[in-house]
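Participant: The residues making up each chain are set out below.
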Amino acid sequence: MSKHNEKSLHKQTLHKQTLSKKSPNNKELPQACQAINEFVIRFANTNGTGSASANNMFAKAILRMGIPVSAKNIFPSNIQGMPTWYEVRISEKNYLGRRGGDSELVVAMNSQSINDDINSVKVGGYLLYDATKALNSEQIRGDINYLGIPISAICLKEYSNPRQRQLFKNVIYVGALAALLDMDFAILKDLVKDQFKGKEKLITPNIYALELGYQYAKQQFICPLPIKVESRDLLNNRIMVDGNTATGLGAVYGGATVVGWYPITPSTSVIEKFASYCARLRIDPATGKKNYAIVQAEDELAAIGMAIGGGWNGARAFTATSGPGISLMAEFLGLAYFTEIPVVLVNVQRAGPSTGMPTRTQQSDVLCCAYASHGDTKQVLLFPQDPHECFELTAQAFDLADQLQTPVIIMSDLDLGMNDHLSTEFKWDDNKKYQLGKVLSTEQLDELEVYGRYLDTDGDGICYRTLAGTHADKGAYFNRGTSRNKFAAYTEKSADYIDNMERLTKKLTTASQLVPQPIIKQGKKIAKIGLIYYGTSSHAITETIDHLKEHGLSADTLRIRAFPFNGQLEHFISKHQEIFIIEQNRDAQMKSIIVNECQIDPNKLNSILHFDGLPITSRFIEQAILTHFEQQSSTQQAS
Amino acid sequence: MSFQKSTFHHPRLKVNDLGLTYRDYEGALSTLCAGCGHDSITSAIIQACYELSIEPHKVAKMSGIGCSSKAPNYFMSKAHGFNSVHGRMPSVTTGANMANQALLYLAMSGDGDSASIGFGQFAHVVRRQLNMVYMVANNGVYGLTKGQLAATADKGVKNKAGEISLFNDIDLCSMALQLGASFVARSFSGDKKQLVPLLKAAMSHRGFAFIDIISPCVTFNNHPASTRSYDYVHDHITTAAVTDFIPIKTEITTDCNVGDCEDICLHDGSIMRIKKLDSEYDTRNAHKAIMDIEEHKKKGEILTGLLYFKPTASHFHEINNTCDTPLNQLTQDALCPGARILSGINDSFR
Chain F
137 MSKHNEKSLH KQTLHKQTLS KKSPNNKELP QACQAINEFV IRFANTNGTG
187 SASANNMFAK AILRMGIPVS AKNIFPSNIQ GMPTWYEVRI SEKNYLGRRG
237 GDSELVVAMN SQSINDDINS VKVGGYLLYD ATKALNSEQI RGDINYLGIP
287 ISAICLKEYS NPRQRQLFKN VIYVGALAAL LDMDFAILKD LVKDQFKGKE
337 KLITPNIYAL ELGYQYAKQQ FICPLPIKVE SRDLLNNRIM VDGNTATGLG
387 AVYGGATVVG WYPITPSTSV IEKFASYCAR LRIDPATGKK NYAIVQAEDE
437 LAAIGMAIGG GWNGARAFTA TSGPGISLMA EFLGLAYFTE IPVVLVNVQR
487 AGPSTGMPTR TQQSDVLCCA YASHGDTKQV LLFPQDPHEC FELTAQAFDL
537 ADQLQTPVII MSDLDLGMND HLSTEFKWDD NKKYQLGKVL STEQLDELEV
587 YGRYLDTDGD GICYRTLAGT HADKGAYFNR GTSRNKFAAY TEKSADYIDN
637 MERLTKKLTT ASQLVPQPII KQGKKIAKIG LIYYGTSSHA ITETIDHLKE
687 HGLSADTLRI RAFPFNGQLE HFISKHQEIF IIEQNRDAQM KSIIVNECQI
737 DPNKLNSILH FDGLPITSRF IEQAILTHFE QQSSTQQAS
Chain B
351 MSFQKSTFHH PRLKVNDLGL TYRDYEGALS TLCAGCGHDS ITSAIIQACY
401 ELSIEPHKVA KMSGIGCSSK APNYFMSKAH GFNSVHGRMP SVTTGANMAN
451 QALLYLAMSG DGDSASIGFG QFAHVVRRQL NMVYMVANNG VYGLTKGQLA
501 ATADKGVKNK AGEISLFNDI DLCSMALQLG ASFVARSFSG DKKQLVPLLK
551 AAMSHRGFAF IDIISPCVTF NNHPASTRSY DYVHDHITTA AVTDFIPIKT
601 EITTDCNVGD CEDICLHDGS IMRIKKLDSE YDTRNAHKAI MDIEEHKKKG
651 EILTGLLYFK PTASHFHEIN NTCDTPLNQL TQDALCPGAR ILSGINDSFR
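The listed protein sequences correspond, in order, to chains F and B. Quick note on my numbering: the first sequence kicks off at 137 and runs consecutively. Quick note on my numbering: the second sequence kicks off at 351 and runs consecutively.
Think of the hints as simulated: they come from the structure by calculation, not from any bench. Any given hint could turn out to be false.
[What the hints assert, rightly or not] Computed footprint of chain B on chain F; a stretch qualifies when at least three of its residues, placed anywhere within it, have a C-beta under 8 Å from a C-beta of chain B:
no., segment
1, 373-382
2, 417-424
3, 488-500
4, 600-608
Ideal placement from N, C-alpha and C gives every residue a C-beta, glycine not left out.
Only chain B is shown next, with the shape it has when bound in the complex (with noise of 0.2 Å):
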């Protein structure tokens, strides 16, 4: 990248308990065009990483192809990043997990990545239960190749040039829900209230969470006929369920009627609290999410917010009996089973 970024900062910045600054959770200036949702996403990737005092060294950035997959470059510089191939950007972070469980896997995708060239593989990381934050960046365009629809896109809806989607849409979160996901929620890029306190709980939570953030296409999809627009995402929004992330150690205090309130004390003593705005909706069942995405639908309606979540979930690590310490650090004597055992070993095959 040729452009650089400022290091200057004001002296004064307030940090956090690491005693870090917000802008030591910034990355590369971004490329994409200037409006994109996704730097949206990425400004709020690095206010929650910056507010619940991440370790910026201990995050594994993962993405996939596309503008979707870029973004993870504008976020914490400090973090390692690994931007794959078309679509395999689980089977990479499977991969990487399974060699150190140590570390917050931050994964960015997009509609291409995961509900075209990669559905295969969003679909078993799902299955297996990694524990990471699986975030889509959704605008149901292919921006890099300048416009074309994507297969999240609402069948009926036209492109900017004029082409219409004819199939079915695939909605990711459905998807995700069926196969078992521990923690399901539907965002917008737009809606930084509601967008960072989900992330905050998604990163906090051990076991496979995902995130589908509708996020704008200025470019290629942001035109009247579009579904993915600022203007049509606003006027469609509805909201099941929200979320308010109290970090270990903070008072809590009540801000919601009873009976609408919930309160969960994730593995690490901090308190996730899912705060219901549709008095109806469960975030405990699965199947009834499935419904009730698509009832809002048929109404036209966008339903974000958190869609499901399974505190007590397990991980891919628990499901594999894996052992505690990271396989990247054992060492060749935990390893090799030495000469005497080969010895052993040679004469079985006499």
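Isolated chain F, as found in the complex (with noise of 0.2 Å):
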């Protein structure tokens, strides 16, 4: 295949030197790639070049064009000069998790990582490079097609501003792949024009140099490679957002409006864009003035106490954070709770432990935020899967934080917060009212006898709670994270103390009746397999469960949205006889809280566990079920 794989690439003799180095051993080349809708782009850049603009602007063009697409930005914690990945899974089969193993076709524009990408291409796929340097001989493979354009000359020929000899260099790749994968050039257009929307004078070049790009692959190359799209109608007004804009959204609607934060990877986006919603949606339209107040807080304990401040004196009120900024709040996490005073916290998970990968994607913070800070301490928490859930728990985040008069922290990941994901879009009944919980008014103060901040009156756990300048002469209470009576006077006097503790227990109990319930997915008849999952990892169980199919093995599914749990998590794991509770981590942390809260044998539960830092694959969930059960049957075999 080789040389006929070669020839029927090239049409004309051009690149004839690359080409006679392509197969140096004459070993015969493997079938090229073919798939429509089916397959993985790498594209790997060097990071500050402008060049994750032009990938989005490409993966965007596929979801126009009405097919399922998912992308990650595989990004170096660095702002200039370090290898980056872009990884665009085209999937009309809706698999959009990632992949896995080798992509079809690598766009390798970064000379040093070129080695590696040569390497990560799959046989028979293909290999798009900047061919102004001739490769060497070891970066040739036998058994991948390249697809040499001289990008580089061609920027430096065409354009005399450096940096312009830079972006355009990306938007020239996006050019030629549309001409490769027939995609549809005049929605590529369209794109570029929304993105300079109110910079028109940006829209034309950026346009010519996709044409340069095309019309040189056109001309170069066979067009369509057997690789390509074409226009679907998959996506059922599906959208494509990140889940840190979802979150920073969702916060809007929830009605925050005092927010304190400091800046940490990959958190940092969600209160950006809350901050630009609100100068959008929340200026009062009589005065100008802000209907919310951010600061950019000196450090996390000074964020989460400024949140806390708000919440505390009735507004809505919130902080983002990410790893060790965690770490950093638990002390007022623990007042929060000990108060009982309502904040939302939303943590945008990353690979720990200590400063660890701070651009990777995980789900390790599970344990140290159920249980946040010292002493018995036990918290709400939250697991969005996607931007719509983020938008929506979000939002109702806040009022459950009022509701239950606690903090409630928003369990997101770097996956979810800052890659795009097709998701359903976002969605809100004006019919809903914000749940502020049990705050007492001037009038039913005035109709009080007796008041006690700490009197559980209702017996569910939770009090009524009072807002300073409310009323003259009652309600007033000093709210302190030393241990107090029913009427918020200190006490060391034990059995009010138990009384308290036991109260809050109680409390949680309440909130696992009122947080998200598990969705669970299961056929009349119980499958033999139970899997168990939460968050990001939701993203590869669709593709998991048809190939589980393919051999032979059906299993039904339960996603964890919240902690506490109830009673339907230990409901599902008694009626499956094999358990996988799938997890980003390394620690088996949910499993952990589930064996604890749950009084749960640990050996009926088996652990998946993906920490590499990289969203977790379908392939991987797969190979660990499929290899628990061989071993299971060769130990069976044995005895």
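Please assemble the complex out of the two chains, which come individually in their own frames, going by the hints.
Facilitator: The following block contains the structure:
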């Protein structure tokens, strides 16, 4: 296939020098990859060169062709000069998790990483590279196809400004891909126009650069390639957006007004997006003044302190952080738990411990958040799976925090927060009213004979709170992190202390009924396998289930959406013979919590643990499950 | 607390403009040591609030951790209070103020709380010009943990256990001046005559007001080797300028020499009168104030009184351009953009 392949790709004899190096050992090339709307493209770039927006434009063009797509930005903790990758999975089967394995097409634009990038092309796949500099003999694999475009040389010829020479490289390869993959060129042009709305001067040169690439590919290669895209109508009204944008917007809709924050990757854009939506949607029309206040604090301690101060005073307040910020906020989380102050914390998890891998994803803060702070504490956690839930659960978190008078932590992660995901559109019901919880008004206080901040009048563990300034004579109390009696007076009496701690336990039981319930998918007949997962692991699950079926295995699933749990999780576990808990951390943190909270025999729970910092893949999950059963049957045979 | 304070009081106690008596401004019975300077501060706060006819429920009492931070429990039980975590009162107060700018924030901190564990938060709340009264009860020692030296203890002094303070001390007034506080004063818990008018002026000031109050610790830092003992402070105190506070609608009478007296009209129409005891002192010059503090210290003196005042200061909400309605009172209608706008936002992600 080798020579045939090369010739079929190159109409003319251009790049003959390069071509002659392609299969130096004259080995037969395996068959070229063929696929329509079901393949992976990996872009290898240098960060700080403007590649992200070009790559994003590519992904969005696929989306606008009506084809499901997912994009993962795999970037370094660095501003300029380090290798960065962008992986686009095109899947009309709606497999939107990271697929894993080698890619059908690699766009290799980074000379630092090119050797690895060449090796990441699937056998029979394609390498699009900058042919301005010829590849050396070690970079020639006999089993892949090379698409050389002298991108730097084209830019050098076309542009005089060094920054343009750099930026347009990216646009040129997107143009070339449009020809190679048979993309709708008009869509790309529209995207350029959308992107540079307000900066019209930039539209023409960008479209020109797209065309440079497009024409070059058309002339030099047989287009389209055997891997290509075809327009479909498979989006079902879905949108493509990152989770942090959705979270920031959810906080606007949830009524947040007070924000203290400290920049930290990957949570920073939660607040930046909140701020930009507020600047658009939260300006008082009469006065031009802000209906919100955001303070960039001196550190994460102050950030959560501000949110707690705001929550105590009856505003909807939140902060967002990641990794080290969570550790710093622990003391304050204990205060808010113990003094029963509503506050929302968004944790966009990254790979720890310590500074860890700040630009890689993990679900490794589950334990430390569930029991954040010293002493007996237990926090309410929500686990969104996609941008739709980031929006919905963030808005809901403010209701829950107010209803429960306790911190609510939204457990996002870097993959969800910073990558674009195809997601159900955001929904809001205008009839839905904010649930402000038990806050006494002036009139209610007037009618009250006795007020105690920690009197559990309703028996649900949630007491009535009052806000400063409400009533001239009644309802004031001294909020304190020390132990106190039902009337908020300091006490060291054991009975009072125990009574209060037990009431807090009762409150968490109430919480387990109010929080979003798990999503259970099971057939009429209970399957042998039960998969339990949460957060972004869900993106790999549909694919996993389909592939397991091919192996004759069927599985029911339960997606955890919140902690504390109620009985549904235990019931699901008890009904399934083989339980797998899928997590993106090393220590099976959710399993520990399940064992601890539900009193389940740990031997009943198998863990599938993915913690390399990249989003989990269905291949990884399938492999773990298949290996488990293989080992099981070989053990049985042995015995 | 196991002690109950008597609610009985004299039937003809004097009342203020709100019809409230002095006792209406009291709090729980203090559990601090008998003779603690902090109790004098508490009593000065009560007097100032009573005389200013401040509505107790419109006050938020904020504190961190330490003996000082227990004090808010001992005044104005009709006001909400927030005893937060060690060194973090400034951030909690910032958030509380962001949520409701209509309250008067009376914050009590200590030398450990503000000059050590919370030094960063102290600095940043000054920077943010939060509209609040930030009081530090400064006794130079850690009382609740039994007498360790604080960062405000003068270098070279000994604590009760004989341990010497080896490192430079931190002067919180100098720090506040450096960071742009618009009202800076130092006082002495034993000098109510000076302290009460300063507190009144600070409470009436719109902007960040800082008062460092030397407040001897009778149990751990009132010994002869201390520079924060009652005797030492009495002997070494010197005053730059003091204030008189003249509420709105009160006739102004002159009782000081022209030239050493300055009347400043505050935002609510009341008058703050600054009386200079040292005619050379300039209460409008923050840089000079820092030097003066230092020079007096070199002479072994503690410079007290009003050190700096900027009547036209701005504060956080002005800088932020926050709406006038306290944020905690905005309703869903004002806060939630609704489904129609959301549908447009959805379209931007297609």
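Participant: Which of the numbered hints are not met once you compare them with the structure shown?
Facilitator: 3
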